[in-house]
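S.K.: Quick mapping for you: the protein sequence lines, in order, are chains A and B. For the first sequence, my numbering assigns the number 1 to the initial residue and increments by one for each residue that follows. For the second sequence, my numbering assigns the number 1 to the initial residue and increments by one for each residue that follows.
Check the hints yourself; a few may be wrong.
Here are some chain B residues the structure puts well away from chain A; computed CB gaps all over 12 Å [said to hold, decoys possible]:
| id | residue |
| --- | --- |
| 1 | 4 |
| 2 | 31 |
| 3 | 60 |
| 4 | 61 |
| 5 | 107 |
Dumping the calculated EDC-like pairs for lysine to aspartate or glutamate here, alpha-carbon to alpha-carbon at most 16 Å [claimed, not checked]:
| id | chain 1 | residue 1 | chain 2 | residue 2 |
| --- | --- | --- | --- | --- |
| 6 | B | 68 | A | 470 |
| 7 | B | 68 | A | 304 |
| 8 | B | 19 | B | 53 |
| 9 | B | 68 | A | 365 |
| 10 | B | 71 | A | 470 |
| 11 | B | 68 | A | 405 |
| 12 | B | 71 | A | 321 |
| 13 | B | 71 | A | 497 |
| 14 | B | 71 | A | 471 |
| 15 | B | 68 | A | 336 |
| 16 | B | 68 | B | 107 |
If you're looking for bench data, these hints aren't it; they were derived computationally from the structure. Predicted, not measured: the structure shown is a model, and the values here were computed from it. Positions of the beta carbon are idealized from the N, C-alpha and C atoms, including for glycine.
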Amino acid sequence: MSIFFSLFAGLGLFFIGIRLVSNNLRQVIGRRLRQLIARAVTGAGSLALFGLLAGAVMQSVNAVIHVLVSLVTAGAMDRKRAFPIIRWANIGTSLLVLVAAIDLHALALCLVGLTGIAYYQQIDQSTRWRHAVGALLGLGLLFLGTDFIKSGAALLRTEPWLRLHISELGLWLLPSFAIGAAVAWVAQSSTTVVVITMSLAAGGLISWNGGTMLVMGAGLGSAVSAWNLAGRLQGSARQLVLFQVLLRLQGLLLTFIFYACNRWLLDDPFNRLLDHFQLGLPARFAAFYMVVQLLSDLGSRTLEKPSLRWLEAWAAPSLQENLSKPHFVHDEALDEAETALLLADKEQQRLLACLPAYLDALRQDAPAALASADKRQAAESQVLQLCEQFLVELADRQRSRDVLERSMVLRDRNRLLGSLQESLAELHQSTRAVMSDPTVAQLLDHLVQSLHIVLETLAETAALAQPDAEELELLRSLTHDRSDLMDSIRRRLQGSDLEPGLRQAVFSATTVFERCVWLARRYVLLLDGPAASPDHPK
Amino acid sequence: MSFEHDINDEQGTRLVSLKGRIDSATASAFEQATQDLFATPNARALLDFSAVDYISSAGLRVVLMAAKRAKQAQGRLLLCGMRQHVREVFEISGFLQIIDSVADRSEGLRQLNA
Chain A
1 MSIFFSLFAG
11 LGLFFIGIRL
21 VSNNLRQVIG
31 RRLRQLIARA
41 VTGAGSLALF
51 GLLAGAVMQS
61 VNAVIHVLVS
71 LVTAGAMDRK
81 RAFPIIRWAN
91 IGTSLLVLVA
101 AIDLHALALC
111 LVGLTGIAYY
121 QQIDQSTRWR
131 HAVGALLGLG
141 LLFLGTDFIK
151 SGAALLRTEP
161 WLRLHISELG
171 LWLLPSFAIG
181 AAVAWVAQSS
191 TTVVVITMSL
201 AAGGLISWNG
211 GTMLVMGAGL
221 GSAVSAWNLA
231 GRLQGSARQL
241 VLFQVLLRLQ
251 GLLLTFIFYA
261 CNRWLLDDPF
271 NRLLDHFQLG
281 LPARFAAFYM
291 VVQLLSDLGS
301 RTLEKPSLRW
311 LEAWAAPSLQ
321 ENLSKPHFVH
331 DEALDEAETA
341 LLLADKEQQR
351 LLACLPAYLD
361 ALRQDAPAAL
371 ASADKRQAAE
381 SQVLQLCEQF
391 LVELADRQRS
401 RDVLERSMVL
411 RDRNRLLGSL
421 QESLAELHQS
431 TRAVMSDPTV
441 AQLLDHLVQS
451 LHIVLETLAE
461 TAALAQPDAE
471 ELELLRSLTH
481 DRSDLMDSIR
491 RRLQGSDLEP
501 GLRQAVFSAT
511 TVFERCVWLA
521 RRYVLLLDGP
531 AASPDHPK
Chain B
1 MSFEHDINDE
11 QGTRLVSLKG
21 RIDSATASAF
31 EQATQDLFAT
41 PNARALLDFS
51 AVDYISSAGL
61 RVVLMAAKRA
71 KQAQGRLLLC
81 GMRQHVREVF
91 EISGFLQIID
101 SVADRSEGLR
111 QLNA
């Protein structure tokens with residue numbers, strides 16, 4: 001019974017570890033670290049090395065995919081670079097089989113011990129280190145979980161009932177295949193199955209044919225476990241997982257062809273080749289697993305183009321994912337200050353032009369909103385964060401007074417944009433439920449329509465190459481202080497017999513409206529600032 | 001609800017009588033109606049909103065464009081006859097700070113011809 005508890009606890013620790021690593025890595029990846037990783041994985045060689053190491057250390061391609069998903073969704077890596085890493089990670093996991101097994105037990109215990117000390121010292125409370133500590137703890141638990149699973153699997157070998165049934169596996173190929181698939185699925189790792197198979201072979205519990213079926217079944221189990229992950233993901237993250245599913249299935253198909261040709265069409269040349277190296281049965285399984293992995297790699301490379309097209313069609317990046325990606329700012333532009341400032345300005349213009357869309361769900365005559373205001377805010381605030389980091393980095397690199405001044409103005413605009421995004425999401429939140437109530441609908445619609453035209457006009461003027469004095473004067477008039485007007489509306493409502501919940505919603509809407517107009521006015525004042533150089537169009 | 005408009009010349013002023021609902025579905029028709037109001041310098045135009053039931057941001061945008069064209073042509077644009085709820089949109093949006101308005105058509109014509 002303890003074997004199953006060990007397997008069960010191992011799976012639990014594995015899942016907790018995966019979640020901790022993924023959540024904390026996303027937070028811990030600062031700009032500098034993202035740059036380092038991005039530079040480390042630019043060339044084909046470094047991609048291969050990164051994939052091999054990640055697969056070898058983590059012993060699970062699914063765990064590697066989780067890390068890649070964190071990197072891709074945090075904007076640290078382009079998803080197209082992640083596909084070859086997954087391919088190499090598969091090979092990386094099989095390297096471990098070749099060296100029998102690396103004992104991660106000590107490393108896992110060290111990591112848990114270290115993070116325990118960090119928790120005791122309250123380092124996890126520090127803003128700077130808490131996510132790093134969380135990620136390390138996650139890694140420790142992930143390794144510990146894998147170790148528990150391996151220990152449980154090793155103990156399985158000693159069970160008499162298993163010995164009895166295992167001896168029949170050589171005769172029953174299909175059940176062997178199914179068992180291999182099931183164990184790989186539960187253990188989230190095909191290498192675990194191969195290591196068990198090698199152990200069984202070393203104990204003389206299994207024949208060549210039964211063992212190869214277990215190894216091939218592990219390929220299917222690995223594909224199924226990846227498929228399970230895909231169900232919870234969307235967009236690029238889903239593409240990465242489905243890529244692994246495809247890779248496994250393509251490999252499985254090629255392995256079946258290889259196995260059939262070797263066994264039935266030809267006179268077992270594979271084993272005759274291994275005879276030359278005088279390999280024992282366990283080593284032969286390791287070699288066979290390498291063949292499975294290499295065929296998977298070959299199949300994936302051969303069918304890469306149609307596979308990627310299919311993935312793009314089936315798991316297109318979600319709208320939220322697209323909204324959270326910058327369109328203009330990118331690290332390479334930081335070397336040239338003028339271009340960097342121009343790109344940051346363009347990014348802000350784009351985000352400013354998106355603000356009216358926050359009101360689409362509240363406007364009677366608007367097209368259907370592409371994304372709700374809160375989702376839009378969550379996604380676009382990420383772009384603002386990137387833009388802010390971009391401008392800070394630029395100011396660090398360029399010491400000229402002109403660049404510093406202009407980047408300061410752009411950072412001020414960035415903050416105003418962030419406040420506008422938050423305020424619009426708040427307006428949506430507070431008015432959505434009462435918008436259809438006839439007693440307040442008209443007033444709320446007036447607020448929404450008015451704010452919409454103010455934001456549209458602001459965005460159009462900001463997009464002009466050189467907004468003239470008249471345009472700016474018009475905007476200043478449009479964004480004049482509305483506090484008296486909003487006060488008069490609130491006083492009018494105070495004396496009405498409006499239901500308290502509705503009154504509160506309208507009060508809140510007038511306050512947010514007032515704030516948005518004030519923020520828009522401050523943005524207009526910054527349009528006069530030195531963000532664009534005199535001889536360079538904005 | 002549909003949108004209708006009628007354009008007449010009254011004492012040298014282009015009088016645009018608007019009726020119905022001005023929203024994103026009807027704003028293009030409204031825009032066509034106002035497109036040529038300030039084709040000649042120093043032109044004068046009066047937009048009569050007395051029969052307008054609703055105006056959205058799409059309609060406000062057309063009014064703003066007309067006001068800009070009036071300024072470029074050194075002409076004059078006046079709004080008149082707004083019902084209370086339509087006037088409230090103009091007020092909240094800040095348009096009454098940049099475009100003049102009067103109570104009714106006769107007052108508008110009187111001011112433009114003064």
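S.K.: Are all beta-carbon distances from residue 60 of chain B to chain A longer than 12 Å?
M.R.: The claim breaks: residue 60 of chain B does not keep its Cβ more than 12 Å from every Cβ of chain A (closest is about 4 Å).
S.K.: So if I understand the rule, the pair passes when the alpha-carbon distance is 16 Å or less; does residue 68 of chain B with residue 336 of chain A pass?
M.R.: violated, 38 Å
S.K.: For the pair supplied as a hint, residue 68 of chain B and residue 304 of chain A, confirm whether the alpha-carbon distance does not exceed 16 Å.
M.R.: Given pair residue 68 of chain B, residue 304 of chain A is violated - Cα atoms ~56 Å apart, limit 16 Å.
S.K.: Between residue 71 of chain B and residue 497 of chain A, is the straight-line Cα distance small enough, at 16 Å or below?
M.R.: violated, 44 Å
S.K.: Does residue 107 of chain B sit within 16 Å of residue 68 of chain B, going by the straight-line distance between their CA atoms?
M.R.: The hint is violated at about 23 Å.
S.K.: Would you assess whether residue 107 of chain B, listed as outside the interface, keeps its beta-carbon beyond 12 Å of every beta-carbon in chain A?
M.R.: The assertion about residue 107 of chain B holds, with a minimum of 23 Å to chain A.
S.K.: Holds or violated: residue 68 of chain B with residue 405 of chain A, Cα cutoff 16 Å?
M.R.: It is violated: about 33 Å lies between the C-alpha atoms, which goes past 16 Å.
S.K.: Given the hint that residue 19 of chain B pairs with residue 53 of chain B, does the C-alpha gap stay at or below 16 Å?
M.R.: Holds: residue 19 of chain B and residue 53 of chain B sit about 8 Å apart, inside 16 Å.
S.K.: Within 16 Å, alpha carbon to alpha carbon, are residue 68 of chain B and residue 365 of chain A?
M.R.: violated, 24 Å
S.K.: Does residue 470 of chain A sit within 16 Å of residue 71 of chain B, going by the straight-line distance between their CA atoms?
M.R.: With a Cα-Cα distance of about 10 Å, the restraint between residue 71 of chain B and residue 470 of chain A holds, given a limit of 16 Å.
S.K.: Is the claim that residue 61 of chain B lies outside the interface with chain A correct, judged by CB distances over 12 Å?
M.R.: For residue 61 of chain B, whose nearest Cβ neighbour in chain A is about 6 Å away, the distance does not exceed 12 Å, so it is violated.
S.K.: Between residue 71 of chain B and residue 321 of chain A, does the CA-CA distance stay at or below 16 Å?
M.R.: Violated, at about 43 Å.
The structure shown violates the earlier hints numbered 3, 4, 7, 9, 11, 12, 13, 15 and 16.
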